[in-house]
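Student: Protein sequences, first through last, are from chains A and B. Numbering (this note's numbering) for the first sequence: 1 to 277. Numbering (this note's numbering) for the second sequence: 1001 to 1277.
Hints listed in this document are in silico derivations from the structure and should not be mistaken for laboratory results. Ideal placement from N, C-alpha and C gives every residue a C-beta, glycine not left out. One or more of the hints may lead you astray.
Stated by the list, open to error - Some chain B residues well away from chain A (every beta-carbon gap over 10 angstroms; in silico):
#1 V1003
#2 R1012
#3 V1049
#4 E1055
#5 R1063
#6 G1093
#7 R1194
#8 G1232
Unchecked claim - Coverage of chain B stretches by chain A, computed from C-beta distances (three or more under 8 angstroms per stretch; other residues unrestricted):
#9 1148-1155
#10 1179-1188
There are 2 protein chains.
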Amino acid sequence: MTVVSCRQIAPRVDDPASSRAATVRAVHAAVDDGAEIIVLPELATSGYVFQSAAEGAAAAITRGDEVFDAWAGAVGAVGGVVIGGFAERSDDGVVYNSAAVVDGSGVLAVYRKIHLWDRELRWFAAGDAPPPVVRTSLGAVGVAICYDLEFPEVTRHLALAGAELIAVPTNWPLVDRPPGERPPEVVIAMAAARVNRVPLACCDRTGTERGQRWTEGTTIIGIDGWPLAESGPGEAPATARIDLERSRDKRLAEHNDAFADRRPELYGAVQRTAHTA
Amino acid sequence: MTVVSCRQIAPRVDDPASSRAATVRAVHAAVDDGAEIIVLPELATSGYVFQSAAEGAAAAITRGDEVFDAWAGAVGAVGGVVIGGFAERSDDGVVYNSAAVVDGSGVLAVYRKIHLWDRELRWFAAGDAPPPVVRTSLGAVGVAICYDLEFPEVTRHLALAGAELIAVPTNWPLVDRPPGERPPEVVIAMAAARVNRVPLACCDRTGTERGQRWTEGTTIIGIDGWPLAESGPGEAPATARIDLERSRDKRLAEHNDAFADRRPELYGAVQRTAHTA
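Work the whole structure out from these sequences, hints included.
Tutor: As structure tokens, this is what we get:
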């Protein structure tokens, strides 16, 4: 069993140094609580609601930034892994909405978000590589960021590529929903977990930022599609113990298997669109 | 606005003639209630829990069966459309789990289920053509059957192919779920509706059959992913008025579009699997 914990912190867009420090505190706190896989929000080191591309670029850090050394230092002794969002400045100065996967040895992988939401298009370039499945000592961790989740191809791709857990750093802007309903993003994550037989750990943020309210919808979902842990409002973490090896078994019934039963040769429009895009 | 109605009837596997008659009564009742697009359960003309392939074959009918003339007769005067499941015997004697799309002119299309669940594999051959989008006078209707829904490629394919409504005849065997949760199939349908900006009309069945209980989960879902109508237990219909033209607009925000934002060239594993299957 692996202890997965999402830390729904509140980055400060007007104070990136403070935000970075808050991520380090959050990772330490998670380790102290026994967490092994720790998920932080999207853009945890920078905040989200930039006012200009220049502000975004100023908050961006490279994958060599010392904040990742600090995450590595915090989880190294316990063999843990951190997946957290950051504004990335590439070697050639391009700014991305990225997520780092870090263990005690340092940065294992960086994923650059491929579906940008709304004003993100003003500050960020879109990534041009598929969401990765990162082989860690705790299991194969797939990574997607926020709006990526609204493309069922992404979660399917990650699961088919062997993800035993999908970590989803998010900043979910609060949207209307009917009374009593879960956030729509959580419904989408529940369905993705169930049809792919893979747990999802979606880490949202808290703290109103320049008037933007957030869903505070952090949820960890098991392979049957039901929530295992939810943060609710504020900074309370969501933590669940998960047997990641169960994700390798896609059987649904004696004669059924969620992956073997696929008929990709018949999913015509998806492929046609893919081929002509 | 189009009135869409699901009729959660109880076919009788031991009496196919009675089941066929019940479908005709259901279509008439729906027309009397003002319905324009009428969805019936999976295998509505035959029942589901066969005891042998011979029993399934004996209950199977051709697409020329008079029951479809009766459906056509019932909806012809109001310009309606029926989507209903039936056990199909092909011209060469193969038995399929199929759905017919019928309007006043007769059978417009037949879809043969491509993902067979559990013991269906004993009685039915799987279809070898993609789920269709059928152009009707009321709009473009995509069709999937029951377990098909658990493959997000299917709903994506139908939406990309232009479906303005996805009709899903189902027989959902009752499965455990946490207290207070919707049936898992409904969660999957809600996510499919939202990410594809297309309404779904899932018509389940009622009536215990040879000890098999059903979810009685009939639900019509709007393009935002929220249920518009649910049957609950028994034969109560679920009916909703839907503006099908809204399904043509995939915009999510000023700069975002659920379809235009796709990056199919980066959904690697899905395509790889498709190409090697």
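Student: Next, verify each hint and record whether it holds.
Tutor: Verification of the supplied hints:
1. V1003: 21 angstroms, holds
2. R1012: 25 angstroms, holds
3. V1049: It holds; V1049 (chain B) is separated from chain A by about 15 angstroms at its closest Cβ, greater than 10 angstroms.
4. E1055: 19 angstroms, holds
5. R1063: Answer for R1063 (chain B): holds, closest chain A Cβ roughly 20 angstroms.
6. G1093: The claim holds: G1093 (chain B) sits with its nearest Cβ about 23 angstroms from chain A, beyond 10 angstroms.
7. R1194: 6 angstroms, violated
8. G1232: Holds, because the least Cβ-Cβ distance between G1232 (chain B) and chain A comes to about 16 angstroms, which exceeds 10 angstroms.
9. 1148-1155: Contact hint for the stretch 1148-1155 of chain B vs chain A: holds, 5 residues under 8 angstroms.
10. 1179-1188: Result for this restraint: holds, n = 4.
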